[in-house]
Amino acid sequence: MHEISIIYSILTMIEESAKENGIKKVSKIKLVIGTERLVMPEALYFAFEQLKREPIDQDAVLEMEERIGRDLYIDYFEGE
Amino acid sequence: MKQITLKHQILQGNQKIAEKNRKVLRDHSVYMINLMSSPGAGKTSFLEYSLRFLKKHVGIGVIEGDVATTLDAERIASTGVEVFQINTHGACHLDAQMISSVLGSFDLNKLDLLIIENVGNLVCPAEFDLGENLRVAMLSTTEGADKVTKYPTVFECAHAVILNKIDLLPYVNFGLDGFLGALQDLNPKVPIFQVSALSGEGMESWIKWLLERKESNCL
Chain F
1 MHEISIIYSI LTMIEESAKE NGIKKVSKIK LVIGTERLVM PEALYFAFEQ
51 LKREPIDQDA VLEMEERIGR DLYIDYFEGE
Chain X
81 MKQITLKHQI LQGNQKIAEK NRKVLRDHSV YMINLMSSPG AGKTSFLEYS
131 LRFLKKHVGI GVIEGDVATT LDAERIASTG VEVFQINTHG ACHLDAQMIS
181 SVLGSFDLNK LDLLIIENVG NLVCPAEFDL GENLRVAMLS TTEGADKVTK
231 YPTVFECAHA VILNKIDLLP YVNFGLDGFL GALQDLNPKV PIFQVSALSG
281 EGMESWIKWL LERKESNCL
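For the record, the sequence lines run as chains F and X.
Just so you know, the working numbering puts 63 at position 63 of the first sequence, and the rest follows in order with no gaps.
Just so you know, the working numbering puts 129 at position 49 of the second sequence, and the rest follows in order with no gaps.
It is possible that some hints are incorrect.
In silico DSBU-like links for lysine-lysine, alpha-carbon gap of 35 Å or less [claimed, not checked]:
#, chain 1, residue 1, chain 2, residue 2
1, F, LYS30, X, LYS227
2, X, LYS96, F, LYS28
3, X, LYS269, X, LYS136
No wet-lab data here; the hints were simulated from the structure.
Work out the full structure: start from the sequences and follow the hints.
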């Protein structure tokens, strides 16, 4: 649950890192989601579509890898 | 096209504040408990009973968490124990920041034990570290023994499990063996206290265990 807070945290972290690395447009964000973290992928996709911002991540695609356990982290992101 | 590897934990904000809380409590030798259950399991009644005995031995404070009202804080205040009410106005759990903002309201030098009664919810509170030493999960006999397997996270991460309202066992269809078996699978070493906060049955064992646990933590 709390997918909106999770996406908000993710976008804030990504946008900060993009600025540090000279990336103006993010094309992909890869997450690792643990099965025990009670996070619903569908709700995460929905929240992502609602909270994406021009110009930096408006066209970004969210990819999720499910793993057994309690992980919940941003693996990497891509852009130029 | 650039790829930037982050491996950044999400929701680490809460964890950082929880660690700060943990340090403040450690510096003042205060032992903190996070009591979680669904609404109506009997957390407040359980605390009302426990506090009457605990306050004879240790300095106690209570933090009450509810979406709205000060009803629970008023009940705790009647026991003579210092209490602060947090109203989340919609949030379904307490988080470390909320606890951090209330810690300063207590004179931590006078406290040995701080008990948080979390918002009634068997799902979300388990995900938010508050900086506590002890996580206590409560179920009552009127809720059904299958709740352990249906809501595993809160029972898996518990340091103690309370089964409340055992005075009602003759009248409800609660599979005690199933409940104990499910906990054995999920959290085999967890101490289980079968109690009635109403009649007082089983409460002495719980209070004794808590005081011993607190003492051994401070050594």
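| said: Given the hinted pair LYS96 of chain X and LYS28 of chain F, is their Cα-Cα distance within 35 Å? | reply: Satisfied, since the Cα-Cα distance of roughly 28 Å is no more than 35 Å.
| query | Within 35 Å, alpha carbon to alpha carbon, are LYS30 of chain F and LYS227 of chain X? | reply | holds, 34 Å
| field | Restraint status (C-alpha distance of LYS269 of chain X to LYS136 of chain X at most 35 Å) | value | Holds. LYS269 of chain X to LYS136 of chain X sits at ~30 Å (cutoff 35 Å).
The structure shown violates none of the earlier numbered hints.
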